[in-house]
Every structure is written in structure tokens, then in C-alpha cells.
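> Next come the chains, spelled out residue by residue.
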Amino acid sequence: MLDGRSAIKRKLPARLVLSATWLILLTLAAIAAPLIAPKDPLAQDLFLGQLPPFWVQGHEPGYLLGTDSLGRDVLSRILYGARLALTVALTAGTITCIIGATMGLLAGFLRGWVDVLISRAIDIWMAFPPVLFSILLIAVLGPGLSSIIIAIVVIDWTRFARVIRAEAMTQGAMDYVASAQVAGRSRISTMFTEILPNVLPTIVVLLTLEMGISIIVEAILSFVNLSISTDDPTWGGMIAEGRTSIHQAWWVLVFPLATLFLTVLSFSQLGEGLKDRFDPVLR
Amino acid sequence: MQFFQSVLLRLSTTFVTLLGVAVIVFFVIRVVPGNPIAMMLPPGATESDVTRLTALYGLDKSIPEQFLIWISGVIQGDFGTSITTKQPVLQLVLNRLPATLELSVMALIIAIILGGLMALTGTRLRGTKTEAAIDVTNGMALSVPDFLWGLILILTFGVLLPIFHISGRVTPSLQLPFTTNFYLTEAVLRLRFDLWLDIAAHMFMPALALAIPLAAIIGQLLKQSLKETMHLDYVTLARTKGYSETHVILHEALPNAILPTLTLVGVQFTFLIGGTVIIERLFSYEGLGNMAIDAVINRDLPLIQGIVILFAVIFTGFNLLVDLTYAALNPRLRHA
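Chains S and G, in that order, are what the protein sequence lines are.
Taking the working numbering, the leading residue of the first sequence gets 1, the next gets one more, and so forth.
Taking the working numbering, the leading residue of the second sequence gets 1001, the next gets one more, and so forth.
Warning: the hint list may mix true and false statements.
Distance condition first, Cα-Cα at most 27 Å in a straight line; then the derived BS3-like pairs of lysine-lysine [unchecked claim]: (1) G/1129 to G/1227; (2) G/1061 to G/1086; (3) G/1227 to G/1241; (4) S/275 to G/1227; (5) G/1129 to S/275.
FYI, nobody ran anything at the bench for these hints, they're computed from the structure.
Given the structure is predicted, the values throughout are model-derived calculations rather than measurements.
Working from the sequences, and respecting the hints, build out all of it.
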């Protein structure tokens, strides 16, 4: 057992460092996209369609990762796509977290009819297939960045609410909460000053995971052509295009897919790494 | 007596959940912009044609009124008529359901086999590099959702090493003698293994994409409970009796370690079914999920309602089954 514990401790920093490095680099690249992108991500040139990446015969200088069938630069589109992906991850992730965690705290700590109401709502939400639900919401709200964010918040708040509710119930049964009550604190004040700090590590872990999930949801919606407008560069949109021209131009699919894969993996590894860090049993 | 009371309570909450789903989906899709009637008519249709058809589909009534008409139909098994295909929704949905069920069950079987193998190998070779490699693979498989695995599979086994089909359910030129839509099952029953092979080769990639994350969950949990079981006295006793390590794991530890995993598989299976929506789209597999996305794009309101309700019935029904089985098997819950 001791061996296992030290093995985990040695492994931990590596995955935290690697995933954090990738996410920081990606964020910097996204911010600097207008400066570092070699081409205009929207510029089409039908004479330069489906150019291969730089190490393959037939490439064109200046197009490092090749072009798609409309002659748009793949690298520049990935960089600009990162802006959208990270915007969605940060905003949708944070809003989902705030709403979901509040619902979970209220249900788990106040119990009673509040709990009944929120738990029933969670049950109903869990009976929807999430991907279909998000596609339906985008059809209702119309495409666009704010619609995607709303759709993610509406669907995913239950992820936070379920876990935080259970945690708040456990914390609420502890002695320190009872003493706070005896000291004359109101229920709501106790919830924020006593319970919240104790479930905060869990919230942070869930938030990190949710950011990765948000990026996937955005990619799925772009893939079924329901995300932003069709022109704006999105990873999901590039993947959808790459899927259709996969036999002629593999690079149109491979590069955005690899970027998406690494980003989602990093968010998830960061979350898992933080979970191990916060977990007192493992520490 | 208490057992039946809890069953009744559970049944009634399931009913409330389904009603909630019905209300939400009905009202949400009525806010969808875009007139489905205008979309189904040819260009040149007059204003009165639109009005007549709108009345025919009952779309001229108030939304609560429409809901009452629809829900009383649903209770009698009438889900309305699809606007795009003009066929009964129930028939359309039931025609596609077998494809999705076969895909989900195949994915579940793959997940159990892969996850079980990872857990057993990891336990047998614990402390070695292989165990560490299995842990890392598991972590990766768990971190990345089915949608991305599907794309990676398309790229590797559809394009680089074209072994499997990456599109459709069956080769379109094949003559199918089937009377049901359970192609894979019927091919076995009719002993048409040539057809079975073709269908399985189409199904394998999407099923694997759905299976990978679940396999990782199974692998992780089963390995964890095996690890705990391996420290128990009766396992040590079996070892001192001279049984081989593999025998001890398979015959002594596994039967006791498998229960928590089975419960988890029950819960996770509904998530897997939810994942079929996008995976079917990705692999152009003609199942329920693919039809659902088309229905949303075509604004086929009755069809969307029908599919969402069916998914909700499958999810809640399956969860109910898992809970009841668990309660029936667990004496503490049965007599509590």
C-alpha cells in the first residue's frame, strides 16, 4: 500500500504539469491568434484547395498544415478556433458551475421541499439524452455563441448539482455545522461560510472537467452544423469538413482532431490531478 | 409489504419524471422558429394550402390545447404523424429502435470484455510495468468521450488500415431476407453468417467508440474491488492451498469483487445509450439517434417528441429495473 501511495505521488506532478502547460500554450496562442496566424482564417483560394502539410510532396510554402477544400489555411483556422473553444470552456463552464453548485448546496443543505423540487428536476433532466437535448435547444435558440453557452448551462447544471448535493448532505451532518447553528447563524449564511469552503475542492475539480466537456459539446454542435455561423472557424466545423474529405485530404481532419483531443485530455487530466491533490486520503 | 410500498413510490416518481420530460419537450420545441408546414410544401403553395395543412396537424390550436390532444393520444399509443414522412411516429420510431438497441448491446458486450480483461490482467500482473501501462491507458480512455474515439477510429481503421466499414449499417447491395429490424440477431437465427459478418463489421467501429469510455470505468472499478478482495483472508487461504494466482483471481476473488461493478454497469448503460445519438450520426448508422437529428433539422415536431419520449422511457425504465433488481437481491433493502 505504501508503495502504491508514493507511486501516485511521483506520477501526479507530471500529468498536472503537462496538461497545464498545454492549456497555457493554447490560451496564449488563442489570445495572440491575430498576430501569429500565418493567414486569414476565412480567406478562400480555390486554386490552393486541399494542399498537404509542409512535409508532404506538393505542399505550398506558407501553408504549414495544409489547406481545406476551399483553400483556407488549416493552422490559422485551428488558432482562431481555439479562441471560440476556450471562450466557451471558460464562460459556459463557470456559469454552469455557479448555477449547478448553488442548486446542489441548496438541495443538500436545506433539504425539505427545496430538495424535493431540485431532485425531481435532476431526475427529469437525467431522462433526456444530453446530445439530443443540446441540438434541440440550439434549434430553439438559433445558432451563435450565446446559444451554445445557454445550451451547455441548461443541460449540464445537473452534473454539479448531483455531486454537490451529496457532498453538502455529508457536510451538513457534521458537528461543526451544528455549532455554527447553535452560535445563531442563519441557514443561508452557514451554507456559504461553513459548507461552501468545504465543498470548494470538489467544485474546482468539477469545473475543470466541465470546461473539457463544454469544448466537446461545442465541437459536437459544430459537427452537426448547428453551432456558430458556418464561416467562423470552429474545431468541430473543421472536423465535420475533414470527415467528408477524409480520403482526399486527411490533414483537414487530423490536425483539428489532435488539438481537440489534447485539449480535452488536458482538462480532464488537470481535473483528475487536482482531485488526487485535494483528496486527503491520498495525500 | 414495505418492499411493495417502495416499489409503488419508485413507479410513481418514474411516472412524474416521464410527464416532466413530455411537458418540457412539448413546450420547448413549440418555440422553435421555422414553420414545419411551410417547409414540407412545394414552392408555389398558396396561403390557403398552408392554413389547411396547419389545421390538419392541429398546429392552429393553442399550445396547451395541442398538448392535451397529444398526451391523450400518447396514452392510447398514438404518437401522431411525422410531418416529413407522413407515417405514424410510433411505427417510424419502432422501426429504428432495433438498430440502436443492437448497437448499444454490442457496445456493452465489448465494454465488459475489454474492461474485464484490463482489470484481470492488471490484477494478475500487479506491481509490474504492464499494470502501470493499463492504468495509463485506462485514464486516457476515461478522459476522452465517445465522439472523439469515434473520429479516431474512423481515421485509423477506416482510412489508414481500412479493415472495418465506417458508414451505414449494412452493405446496401446485399439482399436482406429479414422480417424484423434486429438484423444482427436475425442473421444468427437464420444461420446467415455471411450477412452477420457484414452487419457486425459495420457495427463494430461505432460500438467500439461507445464502449471505450465504459470499458475504462469497468476496468478501473473492477480492478479496485479485486485489489481489495485479494487482501481478504479467504483468498490467502486459497493461495496457501496451492492454487495458482490466476485460479485464485478467477475463482475466488472475482465472484465477490464483481457485484459493485455490475451495479455501476447498469447505471452507465443509460449514458451509453444517450451517446448513440452522435455516434450514429458520425458513422451514418441508421438508428434512432440519427433519425432524431434529422427530425430536429427538418422541424418534424411530432417525430422529435416521439423520439425524446422513447429515449426517456428507455432511460427511466432501465434505471427502474436496476433499482428494483438491486432491492430484490439485497436483503437489507428488501426487509427495511
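> So, for every hint listed, does it hold in this structure?
Okay, the hints, checked on the actual structure:
Note on residue 1129 of chain G and residue 1227 of chain G: the hinted pairing holds, with a Cα-Cα distance of about 17 Å set against a maximum of 27 Å. A C-alpha spacing of about 20 Å is found between residue 1061 of chain G and residue 1086 of chain G, which places the hinted pair at or below 27 Å, so the restraint holds. The suggested pairing of residue 1227 of chain G with residue 1241 of chain G holds, with an alpha-carbon distance near 20 Å, which does not exceed 27 Å. Distance check on the hinted pair: residue 275 of chain S and residue 1227 of chain G sit about 21 Å apart at the alpha-carbon level, within 27 Å; holds.
Our distance criterion of 27 Å between C-alpha atoms is met by residue 1129 of chain G and residue 275 of chain S, whose separation comes to about 24 Å.
In summary, this structure violates none of the numbered hints.
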